[in-house]
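*Asks:* What follows is each chain in one-letter form.
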Amino acid sequence: MVRLITHNLLACHAKGCTTNNFPLKLTDVKLALREADFNPDFLRGFLPRVEWDALIQASREIGDTSLPVERPEMLDDDLLRQLHHVLLEIHIDEGSMTCPNCGHVYPISNGIPNMLLAEHEIW
Amino acid sequence: MIPTPDLSHLTKNDYERVYEPAEDTFVLLDALEADADAIRALAPRLCLEIGSGTGVISTFLAQIIGTSDSFFLCTDINPHAATCTARTGSQNKVPVEPLVASLARPLTSRLGHAVDILVFNPPYVPTYDEEVDAAQRSVGISGSWAGGADGMQVTDAFLRQVDGLLSPQGRFYLVTVKQNNVPRVQEFMLKDFSLQSEIVLQRRAGREYLFVLRFVRSSNLVHTA
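These protein sequence lines are chains R and Z, in that order. Sequential numbering of the first sequence, starting at 1, is according to the UniProt record's numbering. Sequential numbering of the second sequence, starting at 1, is according to the UniProt record's numbering.
Read the hints as simulated data drawn from the structure, not as lab findings. Among these hints, one or two may not hold up.
[To be verified] Lysine to aspartate or glutamate pairs mimicking EDC-like chemistry, simulated, CA-CA at most 20 Å apart:
1. R:15 - Z:133
2. Z:178 - Z:30
3. Z:93 - R:35
4. Z:93 - R:93
5. Z:93 - R:77
[As the list claims (entries may be wrong)] Covered stretches of chain R (in silico footprint by chain Z; criterion: 3 or more residues with CB under 8 Å from a CB of chain Z, positions within the stretch not fixed):
6. 36-50
7. 60-66
Just so it is clear, the structure is predicted and the values come from calculations on it, not from any experiment. Using N, Cα and C, we set each Cβ at its ideal position, and we do this for glycine too.
Using the sequences and the hints given, assemble the complete structure.
*Replies:* This is how it looks when you write it as structure tokens:
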């Protein structure tokens, strides 16, 4: 079920929408918390792929303020555990993701984002 | 040996809407299992499967790598397939994350050279070209097999995105059949993208002759003893 780790990788891909198309704005979310196995090696390895500012924005949009606004240089155990929680344990079961550029809305339903576009919106 | 993921939660009803695992699925599972040590040695952090269907392949991949050691992202154009992928993940206690999407379209801008293991069992059956468009548009089960001329229409569209997605150490596993003209696929990927490939497994299954290809960057050739 969709979590912020996935949201951090999704950009709008509607026809002609190539700038300011990320991150998608999260609204009307229904959340569920589900525990996941804590794996610091995975987090350290995955973190270079994360856009920090987008993660901060998204986590605040869904009401979590545990992460520091600036990307931290050192990853201590506390921070890794917070990251683990924000990236992997908060599930978005329902909600909307809106492109900040073109306004296209991608719905999340039953935990699955629908990223399909109508025919005339495909590049 | 790694057991095949439990699919007992899927019903006949599901298989009317989602491709049921068949020989082409099993040949890919076998190829991944044969490469298990090498895949684990890469410490892959991001795995992406295109057209995940039931989700059996990504679930199996997660069991090979370790469910918390990597992130398992799946796309399928068929919404019911995305649901089945999620259900297969939970049935096997594997956190696979499905998206309803065509190929990797919403991911390409963020996943530049970021995917460590990329997997695609595409619609490879030769059909009329018009059939492919209709099948993909229907976002139903026919999209899982109708492949157009040479069975390559959907695969060709994706092959052009592989270079952009694959990480420096990344591997791309692709299922093909003889009619897809395997040497042409290999030559195209080498010439246009410097992606070197090998047939890692081939098997006759009824009327189909199946091949699993593994692509890597030419700078990162796989040395086999």
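*Asks:* All hints, please: hold or fail.
*Replies:* Evaluation of the provided hints:
no. : hint         : result
1   : R:15 - Z:133 : holds, 18 Å
2   : Z:178 - Z:30 : holds, 19 Å
3   : Z:93 - R:35  : holds, 12 Å
4   : Z:93 - R:93  : holds, 18 Å
5   : Z:93 - R:77  : violated, 26 Å
6   : 36-50        : holds (count 9)
7   : 60-66        : violated (count 0)
Going down the numbered hints, you'll see the structure goes against 5, 7, while the others check out.
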